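Asker: In case you want the letters, here they are:
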Amino acid sequence: SQTIHQWPATLVQPVGSPLSLECTVEGTSNPNLYWYRQAAGRGLQLLFYSVGIGQISSEVPQNLSASRPQDRQFILSSKKLLLSDSGFYLCAWSVDWGPRNTIYFGEGSWLTVV
Amino acid sequence: AQSVTQLDSQVPVFEEAPVELRCNYSSSVSVYLFWYVQYPNQGLQLLLKYLSGSTLVESINGFEAEFNKSQTSFHLRKPSVHISDTAEYFCAVSEDAGGTSYGKLTFGQGTILTVHP
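Residue numbers (the numbering used here), protein chains in the order written: chain A, 71 to 184; chain B, 17 to 133.
Wrong hints could be hidden among the right ones.
Claimed, not checked - Footprint (simulated), chain A over chain B, 3 or more residues, beta carbon under 8 Å:
| hint | stretch |
| --- | --- |
| 1 | 28–37 |
| 2 | 45–58 |
| 3 | 84–91 |
Said to hold, decoys possible - Ranges of calculated distance between the beta carbons of each label pair, as one might list FRET restraints:
| hint | chain 1 | residue 1 | chain 2 | residue 2 | range |
| --- | --- | --- | --- | --- | --- |
| 4 | A | Arg170 | B | Ser86 | 32 to 38 Å |
| 5 | B | Ser70 | A | Gln83 | 32 to 38 Å |
| 6 | B | Ser86 | A | Leu152 | 21 to 27 Å |
| 7 | A | Asn133 | B | Ile128 | 25 to 31 Å |
| 8 | A | Pro131 | B | Ser86 | 33 to 39 Å |
| 9 | B | Gln58 | A | Glu92 | 14 to 20 Å |
| 10 | A | Val165 | B | Gly78 | 40 to 46 Å |
| 11 | A | Val184 | B | Ile99 | 33 to 39 Å |
| 12 | B | Thr21 | A | Glu92 | 31 to 37 Å |
| 13 | A | Gln125 | B | Pro133 | 45 to 51 Å |
| 14 | B | Leu62 | A | Gln132 | 44 to 50 Å |
| 15 | B | Gly69 | A | Lys150 | 47 to 53 Å |
| 16 | B | Ser19 | A | Val82 | 29 to 35 Å |
No wet-lab data here; the hints were simulated from the structure. Since we're looking at a predicted model, the values are computed, not measured. Glycine residues also receive a C-beta, built at the ideal position from the N, C-alpha and C atoms.
Input sequences plus hints: build the corresponding full structure.
Answerer: Structure (structure tokens):
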């Protein structure tokens, strides 16, 4: 069966420091990968998605970037964190492409920027 | 463009009472509908989904949702809730714009269901 791992689970970082959140998927090949952010009281917002190695699409302009160095690895980064980057970050994956596909989520990472 | 509205941000109920979590969407094309559940400090889990066929879909833990195209709704219901159902519930919609379009999921703001003993 497929599993998704995301780390670290909790992170407290000062403003201006760098960020790296990592996500890996096991049990499937060539998954579609996603990064979502859940800010308090604001639902889920899609940040990035990737359909293959080195292919990244950004949904919203922001202080963050994403990379996919390997088929089942997805990394969320920032060079300099802002207070507004605080939130719950969720990595997700899907097998199929298109509107009918089901997206499966990891356990999430809490980021607090202080 | 699609949008999703969950009409209640919080729903408190007593154990064994029925519950309905409301979800309405807006879209000019065909849609596919999902409910996800998020337990405290965890990621989201798929609860149920409507892709086609019967408009009434059920989950393994007793929840059901009915797709109502005329009212553009996909309300989630359970006839008798348990303490363990306490969680945040998210309605999500993806549009079928045809071809190889990317099926972006748009989420509602979430409804916190709290079940009291």
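Asker: Hint by hint, which ones does this structure get wrong, listed from lowest number up?
Answerer: 1, 3, 4, 5, 6, 10, 14
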